[in-house]
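Take the given structure of chain C and dock chains D, S and H to it, following the hints.
Residue numbers (my numbering), protein chains in the order written: chain C, 925 to 1289; chain D, 925 to 1289; chain S, 925 to 1289; chain H, 925 to 1289.
Hints in this document: simulated from the structure, not taken from any laboratory. Fair warning: there could be bad hints in the mix.
[Unchecked claim] BS3-like mimics (lysine-lysine), calculated; alpha carbons at most 25 Å apart, straight line:
{"id": "1", "chain 1": "S", "residue 1": "Lys1011", "chain 2": "D", "residue 2": "Lys1011"}
{"id": "2", "chain 1": "S", "residue 1": "Lys1247", "chain 2": "S", "residue 2": "Lys1122"}
{"id": "3", "chain 1": "C", "residue 1": "Lys1011", "chain 2": "H", "residue 2": "Lys1011"}
{"id": "4", "chain 1": "C", "residue 1": "Lys1247", "chain 2": "C", "residue 2": "Lys1122"}
{"id": "5", "chain 1": "H", "residue 1": "Lys1247", "chain 2": "H", "residue 2": "Lys1122"}
{"id": "6", "chain 1": "D", "residue 1": "Lys1247", "chain 2": "D", "residue 2": "Lys1066"}
Okay, here's what each chain looks like letter by letter:
There are 4 protein chains.
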Amino acid sequence: MSSQFGHLFRISTWGESHGGGVGVVVDGCPPLLHLSEADIQRDLDRRRPGQSEIVTPRDEADQCRILSGVFEGRTLGTPIAVSVMNKDARPEAYREMEHAYRPSHADYTYQAKYGVRNWQGGGRSSARETIGRVAASAIGKKVLAAICPGLEVVAYVRSIQHLQADIDPNTVQFDAVESNIVRCPDAAMAERMIEHIKSVRSEGDSVGGIIECVVRGVPPGLGEPAFDRLEADLAKGMLSLPATKGFEVGSGFAGCGLRGSEHNDAFYMEHDRVRTRTNRSGGVQGGISNGEPIIFRVAFKPTATIFQSQQTVSPQGEDVELKARGRHDACVLPRAVPMVEAMTVLVLTDHVLRQRAQNSGFAGV
Amino acid sequence: MSSQFGHLFRISTWGESHGGGVGVVVDGCPPLLHLSEADIQRDLDRRRPGQSEIVTPRDEADQCRILSGVFEGRTLGTPIAVSVMNKDARPEAYREMEHAYRPSHADYTYQAKYGVRNWQGGGRSSARETIGRVAASAIGKKVLAAICPGLEVVAYVRSIQHLQADIDPNTVQFDAVESNIVRCPDAAMAERMIEHIKSVRSEGDSVGGIIECVVRGVPPGLGEPAFDRLEADLAKGMLSLPATKGFEVGSGFAGCGLRGSEHNDAFYMEHDRVRTRTNRSGGVQGGISNGEPIIFRVAFKPTATIFQSQQTVSPQGEDVELKARGRHDACVLPRAVPMVEAMTVLVLTDHVLRQRAQNSGFAGV
Amino acid sequence: MSSQFGHLFRISTWGESHGGGVGVVVDGCPPLLHLSEADIQRDLDRRRPGQSEIVTPRDEADQCRILSGVFEGRTLGTPIAVSVMNKDARPEAYREMEHAYRPSHADYTYQAKYGVRNWQGGGRSSARETIGRVAASAIGKKVLAAICPGLEVVAYVRSIQHLQADIDPNTVQFDAVESNIVRCPDAAMAERMIEHIKSVRSEGDSVGGIIECVVRGVPPGLGEPAFDRLEADLAKGMLSLPATKGFEVGSGFAGCGLRGSEHNDAFYMEHDRVRTRTNRSGGVQGGISNGEPIIFRVAFKPTATIFQSQQTVSPQGEDVELKARGRHDACVLPRAVPMVEAMTVLVLTDHVLRQRAQNSGFAGV
Amino acid sequence: MSSQFGHLFRISTWGESHGGGVGVVVDGCPPLLHLSEADIQRDLDRRRPGQSEIVTPRDEADQCRILSGVFEGRTLGTPIAVSVMNKDARPEAYREMEHAYRPSHADYTYQAKYGVRNWQGGGRSSARETIGRVAASAIGKKVLAAICPGLEVVAYVRSIQHLQADIDPNTVQFDAVESNIVRCPDAAMAERMIEHIKSVRSEGDSVGGIIECVVRGVPPGLGEPAFDRLEADLAKGMLSLPATKGFEVGSGFAGCGLRGSEHNDAFYMEHDRVRTRTNRSGGVQGGISNGEPIIFRVAFKPTATIFQSQQTVSPQGEDVELKARGRHDACVLPRAVPMVEAMTVLVLTDHVLRQRAQNSGFAGV
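If we strip away everything but chain C, and leave its shape as in the complex, we get:
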């Protein structure tokens, strides 16, 4: 159960950063959707290492292969298995990790949980595990496109450490995000962010930041009233990504400073559609989408693996010093943008199928 996500559109990821490879099995995908490896590769390329000068230089093409569930270019309705073999794993670069737990990494907790770990990398806690998620979301996008034609998911870097971009979530476009290597649609700030990441990396250090995501064109009615609230499932999806420390939707933490009379979103009619004047709810009310843009933010901590000497302990219980080698991102955010997007797509796809199952037709929708 640890490696599965979703109820109806259910994915099972597998693989470690330094085993044979990684992949995913997607169960519950509707039939007759057009799907090719190129559709998936497009998103994997946005996630892959070595894509630009500010990300890890690990040289992985991350070439995917569809092993099942597709016939003559269309989905069969059966499980779709996608695999990506590891090419540039260099376990020897991790030899130090056999004898020292990296601070703020998963080395120690793995050992505590399982009594064993593959010290040749980050195992399942590596960002490499997210390949399966991104591949699955490329398939989820096909489902969303078929059922909710106007829906669009746009994620982008909102801030890097103290550098905050100025972006309007109601109008930001995917192309603007992809127009620079840090994936921040505020072009001027993007330049400064890139320089900052380079500078931090040259010091062997790392930085974090905030990714914002907006979903426009969501039909009202997605999400459940009690446990599987749409924002709860989004929160889970986001916090299930490596290096995340926080999630907020709509007004978020800042909303706690307002009074109800300031915070409430007044309803009004726009032709025959119910709209809200403001969107502090972030597109979700009582756990259910209200048709306004869904807007949320995710906090990413600075990468744990740094190239400075750190105090730590060994599996044998000795205090030791560690200076990491290996290839790592000094800032995960540029590559985390497609991961945030992927988890958003997976949550929405699942809820769209649920809504079809239980309410479509009955509820007049």
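Using the frame of chain C, we list chains D, S and H on its own:
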């Protein structure tokens, strides 16, 4: 599936704020634990309306009844059903809601999702639904006490609007939390918070704030590396509570402002135990508990139902004005403290049982 | 997880034969279906004890109450809780069971599993647990009626011990089943069965038999190719009922005696509909319904509780003799007919909703 | 959800008979178990085509590869992905199937469900899908060996059409099963069965039969009282295999002919262990194992694909005649023996882990 939470310790809640009652079925509880209605009632009383002068005056004793799964004072290992009948439902006080959607409430989204709603209250989105969760967590506490004897969960009000308390999560005690009606263990600030809530309520307005929760004595090894990360399940649990807008663990959003060299928690040996010098990780690394206190914060928005006139629309698609009646909290936080605690207990109980199933014995733990 | 059934139309039953009562929570029911307690009571009355002279005389009206999920006579889309309180529990009649395990009953296995049991009856293994299933299926029938208008489920007693009825599953009607107290639509054989059960009961003994069930008007396409095959889920549903020992679909065990050339069901076109000349497949091919009647049989053993002296052991590990008291069916089949029907409805409802979620629209259905 | 089995030891199979390959992801496996590809290959070889003169001549080595979850020869506790690439797929041999539904096969129902099918073989309904199950069960055996050291699962052919073997389930040994190519431990009858299958095949026809399975050394306490009864999960597992038509446990259908006084299994003490004099319960009482051997039988129909001319219809709705080509088993039973064994192992592994989670320690077990 909308009304269930947990994988091994699985709860199913039922009930609306203004139907016959509310309740829960707890499946997967170990046998032979001592359990009485008084054990459950203790926690329900901390959640119930009418408990103090700063919460909703709805007069509900919230008297619980155990209907199954307990014999001669001990659990049988079979499903435990607990019910609480509604007493003081006054549907007539909601008559306006039949003809107007309350802004920032679930009225419109319910209608959009189901094509129908019980307008006599908040339905499943009401805080009343959390009675089942709190009852289930009273049972979960018994499980945790049996398996992780030293574990303690303490939640408390960290801030109300702009009023921020000064609290050390490493030492804060349950009794200090319960020593005042706002459930803030900083006694001086608690006074100010109480006055502020009264003042806001007198204006027919509402306020939000932040609840912090600490779990001490957690064994290392709880949580899964990929999707069911401990912080991901906590985030889901918290965002599944009414009125929540954000979640952060450890350094949270503020951690984005630090560099890796500042943020990492150095390991050291304390006798034969692995410890960290700082706790910016918030007790979780790579999705798995590391034995340090788990610390997280939850943002609650100001209550949506206020007693001022608001712009909204009717189910018939007309722009209308609404001034709510009924009985509501001007600030949900005092009553939300046991809800946050309950969801924390439910998440931990589930993960403790998972760990027993898969790793205990094998991993030497 | 032990007390749940179904993936999308998911039920959670609770209760023991001799605790406060029994019940069910139904999650995932579509909204806006007409539903009253009378709808449920109709089916409960067919299951209840004391309904005729050949079933257990335990005097339970089994009066149900809908506690949630229904408003103004229609389902809300939220969990529907239904409870039935126990009235005529006589735990003192079970006092012997505290000191002796009933042969072929669940007393010993409960103790072995949980280390505890409620000796005042059969606990969760009692047929009383099926009240929740029958209540849930009354709701499931509403869903089926809305989505598959022509679908009908008819279950009936096919044989009692050596007495075998002559029934055509393609034409048998519900009214014929209900026309006699043994629920066998072969009226002449029904008379003999009734006499046989009375005679066996007068000897303090018990008998079993076979129930057959037919589902007509099933749309093609229900069921999954691999694990959740329609017949696999039906088999699980049936074997999850108390006292069952076997399940067969279509040609069943007898089909093993044929050759492929004799066994295969030839296809032909009936207007624009694909039909089969024979129906040895029992309406399911490759795990998926083919539109022909689904036909299966379930074996029920003779009731374990008999009123003759039997060799057994005590919880203290001594060989003892037991002569049961209490009130029990000498033959469970008349009351098991609505249980078989209920599990059939629950399986079909779940698969109908799954089909809506994944394939409707996409597959042109 | 269609491709998953198990709750704690959960497997996800993928692949079609004529796509790139087939495989499985096993989630929830305990760590530190010794596991190699050879462990898995041993069981795959017993399932593979071309293994003897009485099975399909399709030439597949079914060479497995472990892609994740194992490090230095031991399980990591993370998902174990195993794949087998298809080698000898000859889609051209299925060209007729593009234009005709094979009688009693899944061709038509697939089309009805999904609106599409891979006509180059049986898709997910092919026995080829069971490769993933058999591979997963090789891993499950490791778990069982670690937790229940004495437990052994032995499945074997009980009958082929009218030919019935004489076998004592209490003593039958794995080696006797594997000593002949039909996997019937009654050596004399095995000879006759082999001749019969050859003869039937030479006529282009097929036969079915019954497989019996015994599990010895099962601890008491496995299985749940209500839905997830051990026999219910076994029934589901068996009926989820291709070509199955029935399941019975213990006395099964024949038990319906007995009275309670004849059918009940008297308890007695054997030293400090509770035993039964007879075993008509088949090792399960009230859904829970009682420590006696679990014994059940599974009915397999004659293979649907035969090499004789048959009446059928085309996807275009025309009546047509079909004479199949391709490579098929005239009798699936010899290769189905390891499949029955595999599903048994998967069910038991899951229930053993569940028992650890909920009851071990608490129940004194």
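Hints, verified against the model:
1. Lys1011/S to Lys1011/D: holds (24 Å)
2. Lys1247/S to Lys1122/S: holds (20 Å)
3. Lys1011/C to Lys1011/H: holds (24 Å)
4. Lys1247/C to Lys1122/C: holds (20 Å)
5. Lys1247/H to Lys1122/H: OK: lysine 1247/H and lysine 1122/H at ~20 Å, within 25 Å.
6. Lys1247/D to Lys1066/D: Roughly 44 Å separates the two Cα atoms, so the pair is violated.
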